[in-house]
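Asks: Protein sequences, first through last, are from chains F and S.
So the first sequence is numbered by the numbering used here: it starts at 1 and just counts up by one.
So the second sequence is numbered by the numbering used here: it starts at 1001 and just counts up by one.
Treat the hints as calculated values from the structure; they're not laboratory data.
Quick reminder that beta carbons are idealized off the backbone N, C-alpha and C, glycines included.
Where hints are given, some of them may not hold.
[Unchecked claim] Straight-line Cα separation of at most 30 Å, DSS-like style, residue types lysine-lysine; simulated pairs: (1) S:K1241 to S:K1266; (2) F:K12 to S:K1024; (3) S:K1133 to S:K1167; (4) S:K1257 to S:K1243; (5) F:K12 to S:K1133; (6) S:K1266 to F:K273; (7) S:K1288 to S:K1241; (8) F:K273 to S:K1243; (9) S:K1080 to S:K1043; (10) S:K1080 to S:K1167; (11) S:K1108 to S:K1133; (12) S:K1043 to S:K1167; (13) S:K1196 to S:K1133; (14) F:K273 to S:K1167; (15) S:K1028 to F:K273.
[Claimed, not checked] Chain F residues, not near chain S, derived (Cβ > 12 Å throughout): (16) G51; (17) E56; (18) L96; (19) G205.
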Amino acid sequence: MSDFSRIMTLAKRLMRERLFSTRMYIMFPILLLFIPGMAWGFSDPNIVLPGGHQPESPMEVLFYASLGVVFGATMCAVLLSYDSVSRERASGVLELRLSQPMPRAHQALAMILGSWRAILVPTWILLFCSVLIVRYRMGEWPSMFDCLIYFISTALILLWYVLFTLLASSYTREQATAISFGVGLWFLFTFLWALVTTMVAYASGVSIGQENNAAWLMLEGGLDLLSPNGVYHHLLETRLPQIERGIRAWQIWAMALAWTILPCWLFIRRMEKILP
Amino acid sequence: MEEVVLRLEDATYRHTLYAPLPLKPWRKISGQGIFSANLSLHKGTVLGLVGPNGAGKTTLLRMMAGILPLQEGAVHGFEKESSTILSDVDLRTVVGHMPEQVRWQGGKTVRNALLEIGEMRLVSESRIDGLLKLVGLRSRIDAPLNELSQGMRQRLTLAAALLGSPKILLLDEPLNGLDPVAAAAFIVLLGKLTDKGVSIVISSHQVEGLVGIIDRLALMHRGQILAEGTMLQVAQQLNLKIKTEVSGEGIAPDFSKFLTTSKHLKVVQSSSNWRAVLDQSEPGLLHKFVTEGIEITSWTIRQPNVIEMLCAATGQSIEDVGLEVSSTAVMPLRTFRGEEE
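All chains, full assembly: derive it from the sequences and hints.
Replies: Structure follows, in structure tokens:
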């Protein structure tokens, strides 16, 4: 068996364990409500959004429905992975794992893939349902490329939250600290980032919240690159030509790559040095 | 002498401790650990690691298991008269490690938990089923981990340590949580493994329970191996002599009449009987007692026990070794390379 297939087999086991855990049974209804529920709501032909705006295309509806991913799926990613390392460390199982000949970097990769796929599989199924709902309600399919970007972006944001949580879990000996870190980070990027943006704008002398102000849009778009949720929305906006925030596609994809590689590298490095 | 399979040579590992200063909050220093350990494991033998709390037994086992990296020194592996320096990954391949008190938990079944660890060693499912049978968990194969008792968890940990048919087995407090029957069965299993050529290292606080199991003994204190060898060799290294214990009824006799020297005599007199311990053997003593008509109820020749060896090696009394953790755990006994920063 090659190293790759060994990693994938182990990841599959970890995924299955989390996918059929009590936690997932509790969270799945929440995901169901958030993801297809939002697609249903935003695809209503009579919906009027704040400012009198009405979604015009299936991709725009999917973009608004992505709030379900930001609020629901990312939180579920945190709740599924917060004890991946800390629980095993506390119970002594980590010591057993570390005494196996499989390289620690491979074990870390399997852990990442297992935890990620455990939240990715149900989320992707629900995204697919959302696409069907949009087709049913609007009578129009989103393009293949729109769907591809939607699915890939969602996979990436979930991976980032899983990585942050795993990293926290590997540093903390108590599971409560790991979950506090994960939820705190989720809170920062989901709710408090707007406050950070406002404060930076205020400090820079930029008028806050002016939709027609290019300086505000640039600043907001730039700061969003420093938040996983912001990068997620930037990625989705690459398929919405009516939204222009002055950030180029290559910058967005470069940041997406950075958000993926940096925490991944940190986690693998951490696992290579971790003590039981 | 048995063939050496593994040798630690000046193996050193010191734990990193945080010692923040007001202007340097990230400051770290090297703390306690293992200092220049030299130890040989012989094929098909059981080595007992004995030492007070904080002596470094678990740290040494983790170094031998390839979990903690060596900071100095080397581990040599021997096979067919050739010696190689083993890396951490090499060690993890040939060593099976049973950590102390693994608290298996969750809804996962016993079999799945072992399969998951087995994936890391490419162990077949049939081998896993065989191991579960060997450790007596066949009837609990589909039971969730949450339903296992402490003894069953110990058995599962042992099964995990035996995955990959290791040549060297490291057991950290393996008898904890096992009922007397299971402990006896466990000792029988160890015998079977040594017959197959597996070298076993057992660390335990239950020192007296170890005597019947071990072939060799290593005494540890403050991160160092103070003495190593067979029980007899260790006793000789520590200059401990065979003792004679005599007891009888009534008033203790005047030993000065029978002994050439009374320096090595300890007499305890209770209301109806007496007990004397002689640190040195006295030729013809029993004959003299019988001739003088002194009633003796027991006469025992006793080898030095592990606790006496430990006390002799550490220079501490039983109370110090058994209860005072801080005095034994913080600083090494000998001077070591690099003082505390």
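Asks: Now tell me, hint by hint, if it's right for this structure.
Replies: Status of each hint after checking the structure:
no.: 1; hint: S:K1241 to S:K1266; in the structure: holds (15 Å)
no.: 2; hint: F:K12 to S:K1024; in the structure: violated (44 Å)
no.: 3; hint: S:K1133 to S:K1167; in the structure: holds (20 Å)
no.: 4; hint: S:K1257 to S:K1243; in the structure: holds (19 Å)
no.: 5; hint: F:K12 to S:K1133; in the structure: holds (26 Å)
no.: 6; hint: S:K1266 to F:K273; in the structure: violated (54 Å)
no.: 7; hint: S:K1288 to S:K1241; in the structure: holds (22 Å)
no.: 8; hint: F:K273 to S:K1243; in the structure: violated (50 Å)
no.: 9; hint: S:K1080 to S:K1043; in the structure: holds (12 Å)
no.: 10; hint: S:K1080 to S:K1167; in the structure: holds (14 Å)
no.: 11; hint: S:K1108 to S:K1133; in the structure: holds (18 Å)
no.: 12; hint: S:K1043 to S:K1167; in the structure: holds (8 Å)
no.: 13; hint: S:K1196 to S:K1133; in the structure: holds (18 Å)
no.: 14; hint: F:K273 to S:K1167; in the structure: holds (26 Å)
no.: 15; hint: S:K1028 to F:K273; in the structure: holds (16 Å)
no.: 16; hint: G51; in the structure: holds (49 Å)
no.: 17; hint: E56; in the structure: holds (47 Å)
no.: 18; hint: L96; in the structure: violated (5 Å)
no.: 19; hint: G205; in the structure: holds (35 Å)
Hint check: violations occur at hints 2, 6, 8, 18; the rest are consistent with the structure.
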